[in-house]
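**Student:** Since the structure of chain A is already known, use the hints to place chain B on it.
As a plain string of letters, each chain reads:
2 protein chains.
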Amino acid sequence: MKTSEIDGFFADAGRLDPEAHLILDYRVECSGDPRIAAAHLCSEQSTAQWRRVGVDEDYRPRFAAKVLDLEVETELSGTSYLLDPPVSGPVSVCRVRIAHPYTNFGPRLPNLLSAVLGEGPFFAPDVPIIKLLDIQFPDTFLGQFDGPQFGLHGLRERWQIRERPFFFGVIKPNIGLDPESFAELGKQGWLGGLDIAKDDEMLADPDWSPIARRSALLGAARKEAEQATGEHKVYLANITDEVDRLLPLHDLVVANGANAVMVNALPVGLSAVRMLRKQAQVPLVAHFPLIAATSRLPHFGVHTRVWTKLQRLAGFDVVIMPGFGGRMMTPEDEVLECIAACVEPMGPIKPALPVPGGSDSAVTLPGVHERVGGADFGFVPGRGVFGHPMGPAGGAASLRQAWEAIAAGVPLATHAATHPELEAALKAFGPVG
Amino acid sequence: MKTSEIDGFFADAGRLDPEAHLILDYRVECSGDPRIAAAHLCSEQSTAQWRRVGVDEDYRPRFAAKVLDLEVETELSGTSYLLDPPVSGPVSVCRVRIAHPYTNFGPRLPNLLSAVLGEGPFFAPDVPIIKLLDIQFPDTFLGQFDGPQFGLHGLRERWQIRERPFFFGVIKPNIGLDPESFAELGKQGWLGGLDIAKDDEMLADPDWSPIARRSALLGAARKEAEQATGEHKVYLANITDEVDRLLPLHDLVVANGANAVMVNALPVGLSAVRMLRKQAQVPLVAHFPLIAATSRLPHFGVHTRVWTKLQRLAGFDVVIMPGFGGRMMTPEDEVLECIAACVEPMGPIKPALPVPGGSDSAVTLPGVHERVGGADFGFVPGRGVFGHPMGPAGGAASLRQAWEAIAAGVPLATHAATHPELEAALKAFGPVG
Numbered sequence: 001m002k003t004s005e006i007d008g009f010f011a012d013a014g015r016l017d018p019e020a021h022l023i024l025d026y027r028v029e030c031s032g033d034p035r036i037a038a039a040h041l042c043s044e045q046s047t048a049q050w051r052r053v054g055v056d057e058d059y060r061p062r063f064a065a066k067v068l069d070l071e072v073e074t075e076l077s078g079t080s081y082l083l084d085p086p087v088s089g090p091v092s093v094c095r096v097r098i099a100h101p102y103t104n105f106g107p108r109l110p111n112l113l114s115a116v117l118g119e120g121p122f123f124a125p126d127v128p129i130i131k132l133l134d135i136q137f138p139d140t141f142l143g144q145f146d147g148p149q150f151g152l153h154g155l156r157e158r159w160q161i162r163e164r165p166f167f168f169g170v171i172k173p174n175i176g177l178d179p180e181s182f183a184e185l186g187k188q189g190w191l192g193g194l195d196i197a198k199d200d201e202m203l204a205d206p207d208w209s210p211i212a213r214r215s216a217l218l219g220a221a222r223k224e225a226e227q228a229t230g231e232h233k234v235y236l237a238n239i240t241d242e243v244d245r246l247l248p249l250h251d252l253v254v255a256n257g258a259n260a261v262m263v264n265a266l267p268v269g270l271s272a273v274r275m276l277r278k279q280a281q282v283p284l285v286a287h288f289p290l291i292a293a294t295s296r297l298p299h300f301g302v303h304t305r306v307w308t309k310l311q312r313l314a315g316f317d318v319v320i321m322p323g324f325g326g327r328m329m330t331p332e333d334e335v336l337e338c339i340a341a342c343v344e345p346m347g348p349i350k351p352a353l354p355v356p357g358g359s360d361s362a363v364t365l366p367g368v369h370e371r372v373g374g375a376d377f378g379f380v381p382g383r384g385v386f387g388h389p390m391g392p393a394g395g396a397a398s399l400r401q402a403w404e405a406i407a408a409g410v411p412l413a414t415h416a417a418t419h420p421e422l423e424a425a426l427k428a429f430g431p432v433g
Numbered sequence: 001m002k003t004s005e006i007d008g009f010f011a012d013a014g015r016l017d018p019e020a021h022l023i024l025d026y027r028v029e030c031s032g033d034p035r036i037a038a039a040h041l042c043s044e045q046s047t048a049q050w051r052r053v054g055v056d057e058d059y060r061p062r063f064a065a066k067v068l069d070l071e072v073e074t075e076l077s078g079t080s081y082l083l084d085p086p087v088s089g090p091v092s093v094c095r096v097r098i099a100h101p102y103t104n105f106g107p108r109l110p111n112l113l114s115a116v117l118g119e120g121p122f123f124a125p126d127v128p129i130i131k132l133l134d135i136q137f138p139d140t141f142l143g144q145f146d147g148p149q150f151g152l153h154g155l156r157e158r159w160q161i162r163e164r165p166f167f168f169g170v171i172k173p174n175i176g177l178d179p180e181s182f183a184e185l186g187k188q189g190w191l192g193g194l195d196i197a198k199d200d201e202m203l204a205d206p207d208w209s210p211i212a213r214r215s216a217l218l219g220a221a222r223k224e225a226e227q228a229t230g231e232h233k234v235y236l237a238n239i240t241d242e243v244d245r246l247l248p249l250h251d252l253v254v255a256n257g258a259n260a261v262m263v264n265a266l267p268v269g270l271s272a273v274r275m276l277r278k279q280a281q282v283p284l285v286a287h288f289p290l291i292a293a294t295s296r297l298p299h300f301g302v303h304t305r306v307w308t309k310l311q312r313l314a315g316f317d318v319v320i321m322p323g324f325g326g327r328m329m330t331p332e333d334e335v336l337e338c339i340a341a342c343v344e345p346m347g348p349i350k351p352a353l354p355v356p357g358g359s360d361s362a363v364t365l366p367g368v369h370e371r372v373g374g375a376d377f378g379f380v381p382g383r384g385v386f387g388h389p390m391g392p393a394g395g396a397a398s399l400r401q402a403w404e405a406i407a408a409g410v411p412l413a414t415h416a417a418t419h420p421e422l423e424a425a426l427k428a429f430g431p432v433g
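First to last, the sequence lines map onto chains A and B. Quick note on this note's numbering: the first sequence kicks off at 1 and runs consecutively. Quick note on this note's numbering: the second sequence kicks off at 1 and runs consecutively.
None of these hints come from the bench; they were simulated from the model. Keep in mind the model is a prediction, meaning the values are calculated, not measured. Keep in mind that a hint or two might mislead.
Covered by chain B, per the in silico footprint, the following chain A stretches (three or more residues, Cβ under 8 Å) [stated by the list, open to error]:
(1) 25 to 39
(2) 169 to 183
(3) 211 to 218
(4) 272 to 279
Backbone N, C-alpha and C define an ideal beta-carbon position, used for all residues, glycine too.
This is chain A alone, in the form it adopts within the complex:
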């Protein structure tokens, strides 16, 4: 690209219409002149060839993505990650802020993903290493999405869960158990104090546990548990399946008594979730398969905060995400950024309930509560409830008891002295991970 051409891909933020542009923050490692690399990054994701042969025209003023800010952070002797084919010579580590005119594709999730994570950014000349760190949307764009139907506050209202976390439990064994036994475990969990008993993300509609049968049993068990406890109880059915089965399965499980549905967001596709959202009668819950394959490396791919925002935009009321602790291989800051992405202001889009998960039990509740800095979260043990030595009712009770201790400002161990379920949890799952 010639110097005169590069300038067409740079702009002052003050001279662009903020309502017409998405703001994209990338970290890149680039070869050669960072200004040329940044121009390529814009060109390739928008007006790669901006004029016809033999015609005096230029589509860049209206349609080009443009660099608002380019900061060279440091120089390296090579890329952070060895590539094949290798990149020879020094690279500049840069932060690039880009304004992308969304008139290029409109308020559509697949086209958005194609623009900001497609061939443009990932095959721009001189930019072999790139990570999309953040994305911001103007209100004119957000206003064309539904977002969560209920949202965090709607869920508190709907399920009458006040001033405490939402207690989820993943029914286990997750794979292989017949529906009758599975429903009995769920019921025990609810009776012990779970709000939401859920299918594992790997359990959907297999021959050995058809979702029609399972949801009917769990739906009935849920209602019994509601009668017995006087509390709202939720059966969260995993309807992850082929796209053309989402709506029929939603209708089926809701008719059977499920009162929330889970979808593995990326495997099914965010756009399919947006479709489901238009018809959904119950809250939508996201699970996170496939995301880590794009996000784990600090300097390549997509930051999980971006996926969190997109899941909220697609219409999920609840976002289950990798949470705290070494087991989930996610830095604490990143978990907090994803939690913030669920609840921070986002134009007309409601806040979603964040559920940072991973090998939790009564033992880890104080740490999660402290890190989140409040009670606006979901807590989602699996074995911490369903592998509890006293069974699911004991496991669920241990969560409630742990919360009693936290709310009262008492150490878990103190409260455990008079609460055998909590005591058993501390013994089985402690010390704090």
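**Tutor:** Quick look at chain B alone, frame taken from chain A:
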């Protein structure tokens, strides 16, 4: 996990029913004992908790993923890629072959993705670095998918393209051009010798080029070009959009004269493509946004061969993929593996047409032909046709002339002496990249 428990996640291939299992090949970097890490990898993607508390049962014999082969390739003092949080101490680099019983989820793409690329493999204890290198499906699994409707051979028949590559061209300028001018460019391309004039993957249904109008103009232009040339011509319309618009847009553009449709596979979702395939009247073409974010690093994420196989399984007749040359940042072996994944035997699933793309022109055709080792491929220049100094007709003609030279065993430069379009291409786009 105890030693006695680890054994339940290992099996001899000869003792498992091959028709009941997917075969997964992972490369991992693991901490500690590789046998324990491999057992975790299996446990987490299948029967994470394989018995109820207080019940004597074991779901592993039927439902556990099992290690068939574990080979320690080398030891490293740390992970290949620096992680956050960092992994301390030595790691073992291993190849792990796993048999995964697909009864756990059935013949469903989202559930398959959740199993082989989900929380299980990407959050298995002691396995921070993992790449899914390959996947093999038994015929009982494949038999439940439609795969390509036409496939490579059906496309040759349908479009009467024999013993030569399929010549695609991406109409440029891709963003900003009005539909009338855009259609005129397409027509010039066809008249010059293109088989298939296509929308860019970033051009879908924006206000300034509504697909209804664009497809009507291109559909009409295509028919005129067919009459003028006596050849079959194809307008490949990009219907990438929200999932609930795929079928209506397919119907609209086909009624308007488009005779193939393109979908950005991962942004829309493979399952939505499988849905579209059931109704599609024309060939389906895949484009590759988002894939590189999972596949570029040699040792993390997903190998592109896996995505190629899954695109074929979902029903794409044509798979556009990053091709040869430094520009596309993909090793030559990997491109060849993806081409092989399109055409190699796959039970009842038809071969797809591979289209390795990236900054092509008449100049690069001999190199692509030689590397592919035959004519069973699509060739997809953008600027190589639509940025040709003599315009799109000249650009398209230069491709045909380059093929004439190859078929006659004559150097391009020799043939160019009597073919001005080829000569102009050599001058504008050469030397060979």
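**Student:** The structure should be examined with respect to each hint, and the outcome stated for every one.
**Tutor:** Hint by hint, here is what the structure shows:
no., hint, result
1, 25 to 39, "violated (count 0)"
2, 169 to 183, "holds (count 7)"
3, 211 to 218, "violated (count 0)"
4, 272 to 279, "holds (count 4)"
When each numbered hint is compared with the structure, violations occur for hints 1 and 3.
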